[in-house]
Amino acid sequence: MNGAERRYRVAIRLLWSRHLREAHGSRAAGLFAELHRDAEKQGTMAVIALWARGIVGLLTTRWIEWRRRRAVIDGPARAGMARGALRDVRGGVRQITRRPLATSVILGTLALGIGVNAATFTVFEAVQLSALPLAESERLAVVRMDSERRGLDGWWWSYPNIRDLRASAEEFEAFGVYGGYSANLMGPDGPARVSGARISSGFLSTLGIEPVLGREFTADEDSPNGPAVALIGHRLWEQNFDSRPDVVGTTVTLDAVPYTVVGVLPPAGRVLDRLLWLTPTGIPPAADVFVPLEPEAAARRRSTSGYGVIGRLAAHATLASADHEARALLESLQEEYANEFCCGWVGRVTSLHEFIVGDTGPALTLAVLAAASVLALVCVNLGSLLTVRASERSREFAVRRALGASAARLARQVLVENVVVGVVGGVLGLGLGEALVRGLIRVAPDNLPRLDEITLDGSIALLTIAAAVVVSIAFGVVPALLAARRDPAEVLRAGQVGLSWRGARALRGLIGLEVAMALVLLLSSALLVTSFRNLAAQEPGYRVDGVVAAELQLPASLYPDESSTAELHRALRESLLGTSGGNAVGLASFAYPAGPWTRMEIEGETNEEGTPAFMSGPELAVTPEFFATLEIPLVAGRGFTEADDATSAPVLVVSEAMAAMAWPGANARDVVGRRVAMGSWRPFMRGAGQTAAQSREVIGVVADVGELGAGARVALPYVYQPLAQDAWLSLTVFLRSGGSPREAVQMLRDAVAEISPQLPLYGVESLAVAAARHSARERFVAFLVGGFALLAVVLAAIGIYGAVAYSIALRTREIGLRRALGATSGGVSRVLLRAGLAAPLVGALVGLGGFVLVAPALGALLYEIAPLDGRVLVPACLAVVTIAALATWLPAHRAGRIDPLTALQED
Amino acid sequence: MPNRRRGDRVALHPRDFHVLLVLAGQPLHGYAIVQEIQQQSEGRVRLDPANLYRTLGQLDEEGLIAEVEPEQRPDDARKRRYYALTEHGQDRLRTEVERMRALTALADARMDSTGRS
Numbered sequence: 000m001n002g003a004e005r006r007y008r009v010a011i012r013l014l015w016s017r018h019l020r021e022a023h024g025s026r027a028a029g030l031f032a033e034l035h036r037d038a039e040k041q042g043t044m045a046v047i048a049l050w051a052r053g054i055v056g057l058l059t060t061r062w063i064e065w066r067r068r069r070a071v072i073d074g075p076a077r078a079g080m081a082r083g084a085l086r087d088v089r090g091g092v093r094q095i096t097r098r099p100l101a102t103s104v105i106l107g108t109l110a111l112g113i114g115v116n117a118a119t120f121t122v123f124e125a126v127q128l129s130a131l132p133l134a135e136s137e138r139l140a141v142v143r144m145d146s147e148r149r150g151l152d153g154w155w156w157s158y159p160n161i162r163d164l165r166a167s168a169e170e171f172e173a174f175g176v177y178g179g180y181s182a183n184l185m186g187p188d189g190p191a192r193v194s195g196a197r198i199s200s201g202f203l204s205t206l207g208i209e210p211v212l213g214r215e216f217t218a219d220e221d222s223p224n225g226p227a228v229a230l231i232g233h234r235l236w237e238q239n240f241d242s243r244p245d246v247v248g249t250t251v252t253l254d255a256v257p258y259t260v261v262g263v264l265p266p267a268g269r270v271l272d273r274l275l276w277l278t279p280t281g282i283p284p285a286a287d288v289f290v291p292l293e294p295e296a297a298a299r300r301r302s303t304s305g306y307g308v309i310g311r312l313a314a315h316a317t318l319a320s321a322d323h324e325a326r327a328l329l330e331s332l333q334e335e336y337a338n339e340f341c342c343g344w345v346g347r348v349t350s351l352h353e354f355i356v357g358d359t360g361p362a363l364t365l366a367v368l369a370a371a372s373v374l375a376l377v378c379v380n381l382g383s384l385l386t387v388r389a390s391e392r393s394r395e396f397a398v399r400r401a402l403g404a405s406a407a408r409l410a411r412q413v414l415v416e417n418v419v420v421g422v423v424g425g426v427l428g429l430g431l432g433e434a435l436v437r438g439l440i441r442v443a444p445d446n447l448p449r450l451d452e453i454t455l456d457g458s459i460a461l462l463t464i465a466a467a468v469v470v471s472i473a474f475g476v477v478p479a480l481l482a483a484r485r486d487p488a489e490v491l492r493a494g495q496v497g498l499s500w501r502g503a504r505a506l507r508g509l510i511g512l513e514v515a516m517a518l519v520l521l522l523s524s525a526l527l528v529t530s531f532r533n534l535a536a537q538e539p540g541y542r543v544d545g546v547v548a549a550e551l552q553l554p555a556s557l558y559p560d561e562s563s564t565a566e567l568h569r570a571l572r573e574s575l576l577g578t579s580g581g582n583a584v585g586l587a588s589f590a591y592p593a594g595p596w597t598r599m600e601i602e603g604e605t606n607e608e609g610t611p612a613f614m615s616g617p618e619l620a621v622t623p624e625f626f627a628t629l630e631i632p633l634v635a636g637r638g639f640t641e642a643d644d645a646t647s648a649p650v651l652v653v654s655e656a657m658a659a660m661a662w663p664g665a666n667a668r669d670v671v672g673r674r675v676a677m678g679s680w681r682p683f684m685r686g687a688g689q690t691a692a693q694s695r696e697v698i699g700v701v702a703d704v705g706e707l708g709a710g711a712r713v714a715l716p717y718v719y720q721p722l723a724q725d726a727w728l729s730l731t732v733f734l735r736s737g738g739s740p741r742e743a744v745q746m747l748r749d750a751v752a753e754i755s756p757q758l759p760l761y762g763v764e765s766l767a768v769a770a771a772r773h774s775a776r777e778r779f780v781a782f783l784v785g786g787f788a789l790l791a792v793v794l795a796a797i798g799i800y801g802a803v804a805y806s807i808a809l810r811t812r813e814i815g816l817r818r819a820l821g822a823t824s825g826g827v828s829r830v831l832l833r834a835g836l837a838a839p840l841v842g843a844l845v846g847l848g849g850f851v852l853v854a855p856a857l858g859a860l861l862y863e864i865a866p867l868d869g870r871v872l873v874p875a876c877l878a879v880v881t882i883a884a885l886a887t888w889l890p891a892h893r894a895g896r897i898d899p900l901t902a903l904q905e906d
Numbered sequence: 000m001p002n003r004r005r006g007d008r009v010a011l012h013p014r015d016f017h018v019l020l021v022l023a024g025q026p027l028h029g030y031a032i033v034q035e036i037q038q039q040s041e042g043r044v045r046l047d048p049a050n051l052y053r054t055l056g057q058l059d060e061e062g063l064i065a066e067v068e069p070e071q072r073p074d075d076a077r078k079r080r081y082y083a084l085t086e087h088g089q090d091r092l093r094t095e096v097e098r099m100r101a102l103t104a105l106a107d108a109r110m111d112s113t114g115r116s
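If you read the protein sequences in the order shown, they are chains A and B. The first sequence runs 0 to 906 under numbering that gives the first Met the number 0. The second sequence runs 0 to 116 under numbering that gives the first Met the number 0.
Worth flagging that the hints you see were computed from the coordinates, not collected in a lab. Here the structure is a predicted model, which is why all the values come from computation and not from measurement. Any given hint could be a false lead.
Heads up, incomplete: computed chain A residues facing chain B, CB under 7 Å, no partners named [said to hold, decoys possible]:
#: 1; residue: A22
#: 2; residue: H23
#: 3; residue: R26
#: 4; residue: A27
#: 5; residue: L30
#: 6; residue: F31
#: 7; residue: E33
#: 8; residue: R52
#: 9; residue: G53
#: 10; residue: G56
#: 11; residue: L57
#: 12; residue: T60
For glycine and all other residues, C-beta sits at the position ideal for the given N, C-alpha and C.
Here chain A stands alone, though its shape is the one from the complex (with noise of 0.2 Å):
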């Protein structure tokens, strides 16, 4: 079924009855069709012409069917005021079709305005305001906690705070938790990387889904030293299993140990992708791969950073005592366990559509709140369109009740005529709503949640055409019965048909009211490009441009020892560096934003309290040439040299938050030379196991780094050691080369393939595309807002230009006897230009009143921009009231070139 067609029968379902759809639809939809692919071929007026009869004939049919079954009620008594209905509805066509010009302005006007509106409140109503799929998934909630201290927002519990929630929580009745997880999978063609996550045994039941095949872990399988099982994703199960049914009971080989496969997942959709997304490691959303989490997490200390957890509220619970709840216990664990906490907590427990849908809220209803001025201004443009048109007609109206028409009967012919434009103009909105929708969502960015839950839904297609239809009567009907009222005679005897003094008044102000929104739109949409612009220009502290990553995971059987990785480090190095001069290589056993967080003990500080000083923050082993690979600046002291190796005393770096945080007061030249006690819990290096804590110094500072696309608004307290004294499993390599991206890429999977054939490369990307793909969702909102300024501008220039035209036309012949008195055509412009413009202008200035009144309500959206910044203030008004200017000048300087004598003649 083609588009054509669908539209098609969204017409039927909604003009037709049932029995009328039974017995013709499916026929008729088909055949529209066919109908629909011959008008392609000869043009988009063809293609008009075809919906239009395709809708008319749908009222019409609808129509008949009525009258027919009335006709068989009610018998004849009815027939004679049907058959005026019907000739009203003929009328209206008739109305419609004898005027194409001013017709297709206000079908399109009114359907441009519907589908944007429909379009964007679609895909609101989609990300934010429909419940999840999954069951009951409103009683599904997200345990997190906030430190105020540090200013740090949603973090995740670590596993034994976990632990003492599920066993004592009263307020949930189950939990589900998860953490990050990828592997190398073996597969027919050779190891490839994949990732999924780890989850507790009652995690898939919690959230609702069940296993297409099989199962979800036990409790006996997710303990410390259970089996080694594995869930397996849709997506895997299909490409690597060709969806036998038979794979429940096979092994994979993840990381060179065999699993067995207990169960296989549904589709994941992505609600399940975000889950992952969101998990503390921020490894790369995918559903691919399952395993239990005790074995990794059970041996995890109070103070590291933590798991994601989903609980289902039991059934007497609200959010808000889950919340209690949560709270009160991480108060008490802070208190019994003052040692392992740094940060001064705060549980938190939010619903998870919120947790999903996130930040996109505001962002989202600024979008849809630009769309509904667009629908404003659509009215207000059909408003003046109509109006216009009312009173031209009212002289045809004054002819027909002096020859005996009532005006119950005017009234009736005109209700009639723009419930016809409604409808017709509702439908083609419908039309061009579900085409924007498909157009949003190839353009919006990955991270928008629950993109794939999109379409155009019934009841919003009701709603816009109900609009239409509420739109085109308020604005065609009214302004058509005042019309009607005026004395016939009185208005034949004016000779000149022409606005009343009040519909001049009052088109006027709708101008000025055009006017005023279509500033507000740009103003706002000017200060959220700029703001974008701002962050994307925004460097995250390192540098971006021209670097690629990739990432590596080394299997401890390949690489059993600390030489081993050593050598490939060195291996590594030597062939990216050697093919020609210009490059630079840093290796780091992360990207940033870096893995695991560790616990420091600040040597010779101490609380508060009087125990000793310490901390978390995150951390990364490097090569001594990383820091100026990416161009870290540093700040004091000295950077790493390949003395710093397995050897030598062991040292470390800071980043300049991690000193502030540490010594507070004291400069950095002051911190190098202090020294700090770090273990770190290694869940990627061979022989897992908490390595004892070991006194480093510090022996430089490096400047903060921000994270990509976000510019630098959380300077997280990173920690760098020397690779070689820390060898890391997880190994990323950045590539700064002279060459293009491309070639940095090929350049890495060369040198790769070459060192160990066996080992996949992941995760490969040049660092500015990564930084353009975290702004996307201010581009893609910048660029939705920008799109609706636009269009509100442009519309507005459409709305003045008809109405000055419009006023111009009817002073025809004044403006020929002033010529003819001797006025020059520039006096004439000039006059009619003065007249034109005073509503723009009053218009711009009551926009920019009203924007001074919601520009602080923008505040929160915009990035280093403030939202009264004379620089987008004045350019954009300029702008507006020169547009204004334009559209007055245009019909006043055509008016004052008028000929007198044919101007006279006219009439």
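Got chain A sorted already, so can you dock chain B onto it with the hints?
Positioned in the frame of chain A, the structure of chain B alone reads:
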């Protein structure tokens, strides 16, 4: 209940007439009916799907046309429905044509006697 308007002495609605006329040649499916009518009216009559099927339904109800199985079905993915004139339909069309012929003859005679311009 057959509509009285469609009694044999009353003129056929132009749309119905066109449909019967194109079906007089051969059985056709909906798309072909629309095409043929458009051609035979030189583009003046364009039927929309809704009205076409309503008309076909009504003519069927009145026994003027019927759905038939075509002698040879072209290789076509979708199962099209073909319509053909019934005997009653042929009679009705013939009556209508005769009525029109009589009318045009009358008109010709009148216009001849009043003089041509």
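### Task
If any of the earlier hints don't hold here, list their numbers in rising order.
Structure breaks no hint.
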